[in-house]
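Once you have looked at the hints, place chain B with the ligands on chain A.
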Amino acid sequence: MSGPPGLQEARAAYRAGIITPGRKRAFFIAMALSGLALPLAVYPVFLMNVLCMALFASAFNLLLGYTGLLSFGHAAFLGSAGYVTGHVLKEWGWPPELGLLAGTAVATLLGLLIGGLAIRRSGIYFAMITLGFAQMLYFLAVQLPFTGGEDGLQGIPRGTLFGLIPLDRTLPLYYLVYAIFLLGFFVIYRTIHSPFGHVLRSIRENEPRALSLGYDVDRYKLVAFVISAGLSGLAGATKALVLQFATLTDAHWHKSGEVVLMTLLGGMGTVMGPSVGALVVVTMDNYLSGVGDWVTVIIGSVFVVGVLAFRRGLVGEALHFARNFPI
Amino acid sequence: MSAAPKLEAPPAGDLVLETRGLTKDFRGFVAVSGVDLKVRRGTIHALIGPNGAGKTTVFNLLTKFIQPTAGTILFRGRDITRARPADVAREGMVRSFQVSAVFPNLTVLENVRVALQRPLGTSFHFWKSDQTLRALHGRAVELLEAVDLAGHRDEVAVELPYGRKRALELATTLALDPEVLLLDEPTQGMGHEDVGRVVELIRRVAAQRTVLMVEHNLSVVADLCHTITVLQRGAVLAEGSYADVSTNPRVLEAYIGVPE
Ligand SMILES: Nc1ncnc2c1ncn2[C@@H]1O[C@H](COP(=O)(O)OP(=O)(O)OP(=O)(O)O)[C@@H](O)[C@H]1O
Ligand SMILES: [Mg+2]
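Protein chains in written order, with numbering that gives the first Met the number 0: chain A, 0 to 326; chain B, 0 to 259.
Take these hints with a grain of salt, some might be off.
[Claimed, not checked] DMTMM-like, lysine to aspartate or glutamate: derived pairs with alpha carbons at most 25 Å apart:
| no. | chain 1 | residue 1 | chain 2 | residue 2 |
| --- | --- | --- | --- | --- |
| 1 | A | 23 | B | 153 |
| 2 | B | 127 | B | 153 |
| 3 | B | 37 | B | 178 |
| 4 | A | 23 | B | 154 |
| 5 | B | 37 | B | 78 |
| 6 | B | 127 | A | 217 |
| 7 | B | 37 | B | 13 |
| 8 | B | 37 | B | 184 |
| 9 | B | 37 | B | 24 |
| 10 | A | 23 | B | 129 |
| 11 | B | 37 | B | 176 |
| 12 | B | 37 | B | 86 |
| 13 | B | 37 | B | 238 |
| 14 | B | 37 | B | 90 |
| 15 | B | 127 | A | 206 |
| 16 | B | 127 | B | 144 |
| 17 | B | 127 | A | 215 |
| 18 | A | 23 | A | 316 |
By construction, these hints were calculated from the structure, which means they are not laboratory data.
Only chain A is shown next, with the shape it has when bound in the complex (with noise of 0.2 Å):
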């Protein structure tokens, strides 16, 4: 029994005084005011589809990383959430706001109901009724009238945000969604490090002794798939919003193995790893979509390559770097 190498990688990092508040401060600092000045130098539909996948892969490190569950259906919270969106803001004529709380909430109630069943059981029988679900899922977006079966929802409207901001401009849209990422980014640094994410982290190292101090790991397993699932939610909706469709690639199990590799090669267990990762992978996707069908091998090879050459991730084997060769 022992943590994610790259979470064991990021604890080294703090005894070693590699990590440390202020620099940990002046980091996030850093992070966030070169992402309200990056639009300006990259093509900002790319970099809101990265912070999309990266509020994904963070949302579903909270359970890899954070409490030892490995969920392989995470792509039905993502695609359920881009449906409900399209559907309210086209269909029902929803200003975008509601829209992505209707999708986050969808997403949210589906993790309850899901989790509820999958939390009793554990490792593979875990990850298998997960995969189940999410295939269900898929099923029903395939045959149900209102997802737009193969075509998906197509043209969804942004509308205009709180009926002041117009989101067909590219950058109030822009910074809309940084905001999203944001916050999701900020309730998942929060949960971590606070005194339920001190439970999780104690039932991931060790869960027969978390029970025997009295602690009813299963309820501490939903929340914390629940909140996952929400944020993975608000992911989903945000995309729609952004790339104005919802279509059946995000339903599709592909999404919830793509999910586990950007958490893998980023560093799971590790606060920025599961981003670094959505970046890799999503560039990858971007600059290498005119090689067709070759992109999953290429992404393939990659994943292989980096997850043996690189065991703790990428932020893992950075902070271990550091840690070696201080500056």
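Same frame as chain A, now just chain B with the ligands:
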């Protein structure tokens, strides 16, 4: 076996823990069979027996980690046969594990703090800062001092030597201030000095509570425990004080070839 102990007479307390006909059948293999256990309040009670006798299984049954095939368990007179493990712990019966059970990647201080955290009532508060847990550090350090670990508070538990891991586990268990303490071989794998320290600690903490312990080291049992229950192939072979049990011919027979 070592000389008869000089123990003061066990306090004539009422029963804090009782089992009636406790039985566990693992698909045809009866690991625990019709065990009637009576643990009096305020005593140190030993559960001994050869390897595979069913001692750990009894602990798993008492703390509800596994469900009995038959029989009842009464804790403070209340039937807990169908209770859930977390509830049993919250009601005051807390176990340790045979194989050292620490939280390996948490620091020594964090290990104990996790146990102290629940009474704050904020264990589900995911929106609160963990700085609020600092209020527990004083108490955590006190508990660590009792097992000589205060100087190691910021080390990661996985890096401690085995004996210290067991000491940390004990401190974590004591953090819950349980009414009944179940210790599964607390001195196993410890050097001579560590054993002495742990025995003293158990004696000290047992002043305000009841201890049920599995122990292979009979000299520890001899000078620590008021009552001894001998288990063999899942059933109770003998029960009584160390003097009674150690002269019981059936016990001697069961223990032939078993080193002290
Ligand atoms: N989950 C299980 N399934 C099947 N058999 C089990 C299970 N748990 C324990 N047993 C069996 O029950 C018997 C009693 O095991 P137990 O661990 O309670 O013994 P013990 O008295 O604690 O022994 P030791 O001194 O070696 O710790 C053993 O034969 C063991 O193999
Ligand atoms: Mg045992």
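We went through each hint and held it up to the structure:
1. A:23 to B:153: 20 Å, holds
2. B:127 to B:153: 23 Å, holds
3. B:37 to B:178: Measuring from Cα to Cα gives roughly 16 Å; hence the hint holds.
4. A:23 to B:154: 22 Å, holds
5. B:37 to B:78: 14 Å, holds
6. B:127 to A:217: Distance of about 21 Å is within 25 Å: holds.
7. B:37 to B:13: 10 Å, holds
8. B:37 to B:184: Within the cut-off at roughly 20 Å; holds.
9. B:37 to B:24: 21 Å, holds
10. A:23 to B:129: 16 Å, holds
11. B:37 to B:176: 22 Å, holds
12. B:37 to B:86: 21 Å, holds
13. B:37 to B:238: Within the cut-off at roughly 10 Å; holds.
14. B:37 to B:90: 19 Å, holds
15. B:127 to A:206: The given pair, whose Cα atoms are some 23 Å apart, holds under the 25 Å limit.
16. B:127 to B:144: Distance of about 29 Å is beyond 25 Å: violated.
17. B:127 to A:215: Since the Cα atoms of residue 127 of chain B and residue 215 of chain A sit roughly 20 Å apart, the hinted pair holds (cutoff 25 Å).
18. A:23 to A:316: 17 Å, holds
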